[in-house]
Every structure is written in C-alpha cells, then in structure tokens.
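Asks: Next come the chains, spelled out residue by residue.
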Amino acid sequence: MIEFDHVTRTYGPKPAVTDLSLSIPRGELFALLGPNGAGKTTTIKMLVGLLRPSRGAVRISGHDLVKETRAAHLHTGYVPDEPTLYDKLTGREFLWFIADMFGMPRRIAGEKIGREIDHFELAECADDLAESYSLGMRQRLVFAAALLHDPDVLVLDEPMVGLDPRSVRIVKDLLKSRTREGMTVFMSTHTLAMAEELADRVGIMVRGQLRFLGTIAELRDQVATEHTSLENLYLELTTVQPVASAGTTPAEATGTP
Amino acid sequence: MNGISTSGRHEESCHLIAVEAESRVFSRLRAAIAWQTLRSMLSEARLRLALIVLLSAVFWALLYSLFFEAFSFLDSIHADVISLLFNAFFSSLMIMLVFSTGILLYGNMYCSPETRLLLTLPIRPEAIFAHKFIDAMWFSSWGFVLLGSPMLVAYGVVRGAPSTFYLLLLPFMVSFALIPASVGAMLCMAVVAWLGRLRMHALAILLTIAGAGAVWLGWSLLGSAATSGVTAEWFDTVITRLSIAEQKFLPSWWLASGLIEAARWGTQPEARFASLSEAGKFLAVLVSNGLLLYLLARRLARSSYRTGFSQLVSEMPARRQRRIAWFDEALSAAGTARGRPMRLLLVKDLRLFRRDIAQWSQFAIFFGLLGIYFFNLRAFNYNIAYASMISFLNLAVAGLILSTFTTRFVYPMISLEGRRFWILGLLPVHRDQIVWSKFLFSFIGGVLPCCGLLCLSDSMLGISPALLGVHEICGVVLCMGLSGIAVGLGAWMPDLREPSPAKIAAGFGGTLCLVLSSLFIVSVVTVAAVPTYLAMAGEAFGGGGPSSAGIFGWASGPLGTATSLLIVGVLGAIATFVPLQLGLRSFRQLEP
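Quick note, the sequences are listed as chains A and B, same order. Take 1 as the starting number for the first sequence in the working numbering and just add one per residue. Take 1 as the starting number for the second sequence in the working numbering and just add one per residue.
Read the hints as simulated data drawn from the structure, not as lab findings. Keep in mind that this is a model prediction, so the values were computed, not measured. Backbone N, C-alpha and C fix where the C-beta goes; we use that ideal spot for every residue, glycine too. Be careful, since some hints might not be right.
Each computed EDC-like pair below joins lysine to aspartate or glutamate, with the alpha-carbon atoms no more than 20 angstroms apart [to be verified]:
1) A:Lys88 / B:Glu498
2) A:Lys88 / B:Asp328
3) A:Lys88 / B:Glu278
4) B:Lys281 / B:Glu270
5) A:Lys88 / B:Asp356
6) A:Lys176 / A:Glu131
7) B:Lys503 / A:Glu131
8) A:Lys88 / B:Glu126
9) A:Lys172 / A:Glu131
10) A:Lys67 / B:Asp495
11) B:Lys503 / A:Asp200
12) A:Lys88 / A:Glu158
13) B:Lys503 / B:Glu69
14) A:Lys67 / A:Asp87
15) B:Lys348 / B:Asp328
16) B:Lys503 / B:Asp80
17) A:Lys172 / A:Asp81
18) B:Lys248 / B:Asp80
19) B:Lys503 / B:Asp356
A partial selection of chain B residues facing chain A, derived with a Cβ cut-off under 8 angstroms [unchecked claim]:
20) Met41
21) Leu117
22) Ser304
23) Ser586
24) Gln589
A short, non-exhaustive set of chain A residues, derived as facing chain B with CB atoms under 10 angstroms [as the list claims (entries may be wrong)]:
25) Asp64
26) Val66
27) Thr69
28) Glu82
29) Leu89
30) Trp96
31) Met104
32) Gly114
33) Leu135
34) Gly136
35) Val161
36) Asp164
37) Pro165
38) His190
39) Leu192
40) Ala193
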C-alpha cells in the first residue's frame with residue numbers, strides 16, 4: 001500500500017531524510033516516532049505529495065506520488081497537524097466540497113457525509129460556519145473529510161492534538177476498525193503510549209534515518225534484553241549528539257508548526 | 001479482516017473528475033463563501049456595510065465629477081490628448097497589475113494553508129491555479145474598477161457615447177485586466193520554480209527595472225523642458241513624449257483605441273456601425289490575447305506548480321544578523337519606565353517592518369519616485385501662481401501616496417495581531433497602548449518622509465517660507481489624520497482570522513479607509529489652498545477685483561490663512577480622534 005523506495009530529501013546541502021526504504025502493507029497501522037527535527041514531517045509531506053523526494057520514489061497503492069499524483073491522492077486521506085478549513089463554509093458544505101473533489105456520486109456522497117457526521121458526533125454543529133468551531137471540532141471535521149471517500153491509506157500527522165478524551169477514544173476505535181477492514185494507516189506521533197496501544201509496527205526516526213523498525217513486541221524484546229523501560233529505550237534510541245541539526249525541516253527548525 | 005474491503009468501497013465511491021467538474025466545484029465553493037460572507041455582513045454589520053457603500057458612492061461621484069470637468073476641458077482644447085492620456089494611464093496600470101497580481105498569487109498559491117489542503121486532494125494543479133488566480137485578479141483589479149469606471153463613464157458622457165459604450169465597458173476592463181494578470185502569474189510561477197532562492201533578487205531586479213523605466217520616462221518627459229516653463233511648446237513636447245506609451249503592440253493601446261471607437265457616435269448609421277465594429281475588433285484582440293495568455297499560465301501551472309511549491313516548502317529560513325539591534329535597544333531604553341511597554345511595542349513593529357521586504361520596498365519606491373519628481377521641479381521656471389498651485393497639488397499627492405501606504409500596511413496591523421493575540425492579551429499593557437503604539441508608529445514613520453518631501457518640493461518651486469510653513473503644518477495634520485483613520489478603523493473592524501494583509505486591505509474596511517483618507521486629504525488641501533487661491537485671484541484682477549475686497553480680502557490675508565489652518569487643525573483632530581475613539585472602544589471589548 002505504502003512504499004518508500006530509497007527516498008532521500010535534502011534541504012539545500014542538509015539531508016532531512018536519508019535513503020528511507022519502507023514498505024507498509026494493507027491493513028497495517030504504522031507509527032513513526034522521533035524527536036523534533038527527526039524528519040517525520042518531511043516524510044509525511046512526501047507521502048501526501050506536498051514535497052517531492054530529491055532521490056527515490058514514494059508510492060501509494062502502486063501510484064508514484066510524483067508521476068501519478070492525482071491517482072495516488074485518490075487513494076489517500078490526510079489529517080494534518082493543523083486543521084485547515086474554510087471559515088465561511090459550514091461543516092456540511094466542507095464535506096460536500098471534499099466529496100465533489102473526489103468525484104463521489106451525489107447519493108453515495110450524501111450517505112457518507114451523514115455517516116461521518118454521526119461517527120464524529122458533528123450533527124449539532126454541521127450546519128454552523130467553521131469559523132465558530134473549537135480546535136477539537138475542527139480536527140474532528142478534518143478526520144471526517146479524510147475518511148469520507150474510504151481511502152486505502154490514511155496519513156495522520158499528530159492526530160490527537162486538540163481532541164478531547166472522548167474524541168480521542170472515537171478516533172482510536174475508528175482507526176482500529178478501519179485497519180481491520182483493510183485500510184493502511186501511517187501516523188506520525190510523539191506519544192509513545194499511543195503508538196504502543198495502536199500500532200502494528202513502529203519506526204523510530206533520528207536525524208533523517210530509521211533507527212528502529214519493527215513491531216511493538218520486538219521493541220519490548222529489546223527492552224527486556226537491555227533491562228530498561230520502553231521510555232528509556234526510546235530516549236536512548238533518539239538521543240543525538242549536539243552537532244549541526246541535519247534532518248531538520250524548516251518548520252521544525254524554526255519551531256513553527 | 002471483516003466487513004467490506006476498503007479498496008472495494010473506495011472503487012465504487014470515488015473517481016478522478018474532469019476539468020470542467022473541477023471548475024464547477026470551485027465555482028460552487030466561491031459562490032458559497034461569497035454568499036456566507038454577504039449574509040454575515042448583512043446580519044452583523046449592516047450599518048458598517050451601508051456606510052461603506054455610501055462613502056464609496058460619494059467617492060465615485062467625486063471622481064466622476066473631477067473626470068467630467070477634466071474631459072470637458074481637454075475635449076474643448078485638444079481632443080487627441082485624451083487618447084494619449086488613456087494610453088499613458090492604461091500602460092502604467094498594466095505594469096502595476098503585472099506586479100500586484102504576481103505578488104498576490106505568490107501569497108495565495110505558495111504560502112496559504114488553503115493550497116496545502118488543496119494540493120493533497122486529487123485536483124489538477126492548474127485547477128488550483130485557476131481558483132487562486134481568480135482571487136488574485138479580483139483583489140488586484142478592484143482599484144482599477146474604482147478609479148477606471150468613473151473616468152470612463154465621464155468620458156462617455158462628455159463624448160455623448162451610445163449605450164453600447166457603457167455595455168462594453170466591463171468586457172473591455174475585464175479582458176484587459178486578464179492580460180497583465182496572466183503575465184504576472186507566469187512571472188510568479190517561473191520565478192518560484194526556476195529561480196528558487198534567487199526569487200527575491202529577481203523581484204528586486206524587476207522592480208528596479210520598472211522603477212528605472214519610470215524615472216527615465218519622467219525625466220524624458222519633464223527634463224527637456226528646463227527653463228522654458230509651461231508653454232504651448234512645452235505642452236507639445238510633453239504630448240510627443242507621452243506618445244511613447246502609444247504603442248500598437250501594447251494591450252493598453254488596444255483598450256484605449258477600443259474605448260475611443262466605442263464612444264464615437266457618428267451622424268450616419270454607416271459611421272456608427274464602423275465605429276462599433278472597430279471597437280468589437282479591439283475587444284476581440286483583447287479577449288483572444290487575454291485567453292491565450294491565461295491558457296499559457298495554466299499550462300505553466302500544470303508543469304511547474306507542484307515542483308515550485310515543493311522547492312519553496314523545503315527552504316531553510318536565512319539566519320538574521322543583529323546589525324541594527326543597537327537602535328532598537330536605544331529606543332527601548334530611552335524615556336521613562338512608564339512608557340517602556342509602548343516603546344517595546346514600537347520596536348517590535350519596527351522590526352517587523354524592516355524584515356518585510358514588501359513593506360519597506362513599496363515605501364521606498366513610492367516616496368523615492370515622489371522625491372525624484374520633486375527634485376525635477378526645478379526644471380521649470382514657474383510664475384508664483386503656478387508654483388503655488390503645484391505646491392498644493394504636491395501636498396495632495398504626498399498625502400495620497402501616504403494614504404495608500406496607511407491603507408495597505410497600517411490598516412491591517414491590528415488584524416494581523418489576531419493569531420498572536422494571546423501574547424498581547426497576556427502582556428502587562430493596557431489594550432489602549434497597543435492601539436496608540438500603532439498610531440505612533442504610523443505617524444512617526446509617515447511624518448518624516450512626508451514633511452521632508454514637502455520641504456524639497458517647495459524649495460524646488462521657490463515657495464515663500466510662510467507658505468512652506470503652511471504646507472508643513474498641513475503635512476503633519478495629514479500624517480496624524482491618515483494614521484488615525486487607518487489605525488482607528490483597523491481596530492474598529494479587525495479581521496483577526498485573515499493572515500494576508502493584502503486581503504485585509506482589499507476588504508470592506510480597507511476600502512472604507514482608502515475612501516475616508518482620500519476625502520480627508522481633499523478637504524485639508526482644499527481648505528489650506530483657499531487663501532492662496534484668493535490672493536492669486538486678487539493679484540490677477542490687479543488688486544481691484546472682488547477678491548481683494550471685503551470678505552475675500554480678509555480671507556486671502558494673514559487672518560484668512562490662520563483661519564484656514566485652524567479649520568485644517570479641526571479636520572485633522574476629527575480625522576485622528578473620531579476613528580481612534582471608535583477603534584479604542586471596540587478594541588477594549590474585543591474577544592478574540
């Protein structure tokens with residue numbers, strides 16, 4: 001479903017992601033962990049087509065993100081870390097806009113919009129302008145929009161930011177059920193506990209390179225071998241010497257979201 | 001795995017849509033946003049909307065009457081001049097539209113959160129371009145409509161144009177605006193995609209070339225007339241030089257010629273038909289060229305937009321050096337401890353201004369060009385009457401340029417604090433101080449170049465020290481009033497959600513700010529010029545005319561001047577404190 005084939009991305013002379021090769025099969029929930037400036041955002045941006053790899057290729061459902069961008073996007077749903085909405089559209093109008101862009105027939109679109117509004121408990125505010133939404137409501141609406149067309153691949157960048165505990169539970173349950181149905185999820189997160197709870201496999205990225213790739217069980221085995229906690233192992237894996245910050249994206253380097 | 005497979009559900013539920021369908025979806029989006037915006041304005045800000053419409057109508061009517069008088073005068077003495085003026089006006093407008101559309105598109109296409117959403121959807125890049133292009137063209141052309149429509153309607157009325165002329169105005173204006181807008185779009189995309197990090201340098205070079213071109217044109221128009229004064233010979237020379245703008249390959253010529261043909265109303269039906277068909281031909285040329293350039297721009301978007309966006313996203317911000325930090329520190333430390341918060345806010349705004357190339361470059365270009373023009377005034381030997389008249393016109397020009405700057409950059413300042421409002425809200429400063437700091441920033445920033453330029457203008461014209469004093473007082477009053485209008489209205493009707501200053505300035509509040517600023521400038525300059533005008537009229541009548549006796553004699557004397565300055569001061573106080581009071585009251589109660 002998702003394939004990174006020897007992907008390198010540089011910012012000027014500085015590498016942000018170096019020779020990343022990774023294949024995530026159908027129905028897997030993959031969590032990408034790493035400290036600030038590790039290259040997670042760059043990887044996500046390449047996966048959704050906002051950034052082009054300097055070398056290598058990224059494919060979704062067999063479609064190259066550079067050569068067949070639209071076809072790849074057709075199979076992708078994306079929830080960014082900062083939800084972008086049209087303030088002067090209602091939640092329902094926004095969902096219709098997304099449905100239209102995905103070429104969904106009106107009848108099916110209507111049904112799915114109703115379904116996602118119910119899933120994310122948006123019925124009360126669906127006909128209000130998005131400018132009146134709280135951060136959590138905005139995030140739930142973006143989730144609804146990303147899942148509207150039943151994508152094969154869902155890309156999540158820090159998905160739980162701004163969500164209240166109930167919404168977090170809704171999202172977690174939904175991710176579990178959708179991955180059981182065959183959807184592939186690629187999630188970037190700082191939260192080790194969430195990765196532990198949800199992910200089939202985790203990747204730990206440091207300075208643009210995958211330092212660890214495996215299942216949570218494999219990560220636990222390593223914990224047991226080294227007689228330490230999961231958190232300590234994570235911190236050990238992600239500790240870098242204080243040298244020039246290679247692998248830093250501009251946004252991460254400047255601390256801007 | 002249980003249930004229906006995602007892939008299976010996906011296949012049945014969505015597909016890539018056609019170009020036409022993409023356009024339709026974007027049209028629906030724009031219509032929905034426009035409708036919701038209008039609805040919320042009608043329900044929440046009816047009075048403000050009515051005020052803006054009313055003042056815009058007044059401004060339009062004033063411009064119309066001004067152009068009507070000018071065309072009537074020119075039509076009676078030298079009808080051909082109108083064609084030359086149209087060409088000069090439209091060609092300079094064309095250059096401005098190229099830059100303004102290019103700059104707006106840069107922000108819309110590469111820096112907006114909306115495009116980051118759209119680029120992750122299965123949409124053609126050229127469709128996203130088209131959507132943002134319409135936005136940019138609208139925002140860059142509204143000034144053209146506001147200024148151009150009263151001018152062209154006045155021309156039609158003076159020439160007794162047929163009704164077809166008025167019907168053709170909009171198609172002519174839109175098709176003309178499409179050409180520079182498409183060129184600006186292509187330049188913007190090409191610079192981002194192929195010049196990468198060099199784009200700021202490329203923009204600086206382009207602006208320098210444009211500025212040098214304008215200086216050269218001004219120099220060649222005015223420089224040669226040194227020592228000859230404003231005579232018929234000088235007038236002919238200027239007319240000859242103005243014909244530089246009259247080039248048949250320029251869209252401005254097609255527009256000017258098309259409009260002149262459309263306004264012609266022959267006595268014979270054959271002549272009328274010939275004029276109309278000529279106008280139709282020019283319109284066809286404009287439309288076909290506009291559409292061709294637009295298609296080329298779309299093609300460029302298809303091939304370069306995603307690449308350019310990717311390059312821009314991956315750029316590292318340049319490190320900033322602390323070269324003039326000493327000035328900021330000195331300003332922060334100077335004065336009393338009580339005033340320190342306000343000085344710190346001033347320093348913050350000063351830093352933002354210095355680091356925003358769009359702000360200081362436009363400021364430098366506008367006032368630089370004005371300085372060059374003032375410096376060239378020495379080329380003429382004016383009599384005192386002309387010199388006085390020109391000095392007041394220069395006062396108005398300086399005010400108008402300052403008003404465009406206050407509308408474009410000062411008015412959005414409060415709105416732009418929206419996303420950072422939690423910082424300002426938690427600072428140990430009163431909200432009033434935030435508004436007053438913006439006012440001070442605008443006033444100090446404006447008064448120095450404005451008064452300096454007025455001093456230059458008057459010394460080049462050989463104006464008496466007394467009149468120079470009048471102009472300087474007016475300059476200070478204009479800076480105060482314009483700053484008060486911009487800051488006051490900005491605080492009264494902030495748009496805390498909009499991140500683009502261009503869009504904030506182009507909105508209703510910005511339009512109102514520009515309209516009020518223009519009315520204020522016209523009022524101040526008119527009131528200040530009355531005593532001088534009466535004195536000149538008195539001299540023209542050899543001291544025995546009506547202007548030298550009674551009320552006119554008093555008005556043209558020192559008492560009249562003092563009274564006019566008093567009225568100017570009152571106007572300035574109204575323009576400064578009324579909007580500021582409205583703004584302060586609203587800003588105190590603002591709940592972001």
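Asks: Which earlier hints can't be squared with this structure?
Replies: 2, 3, 5, 6, 8, 9, 10, 11, 12, 13, 14, 16, 20, 22, 23, 24, 25, 32, 33, 34, 35, 36, 37, 38, 39 and 40
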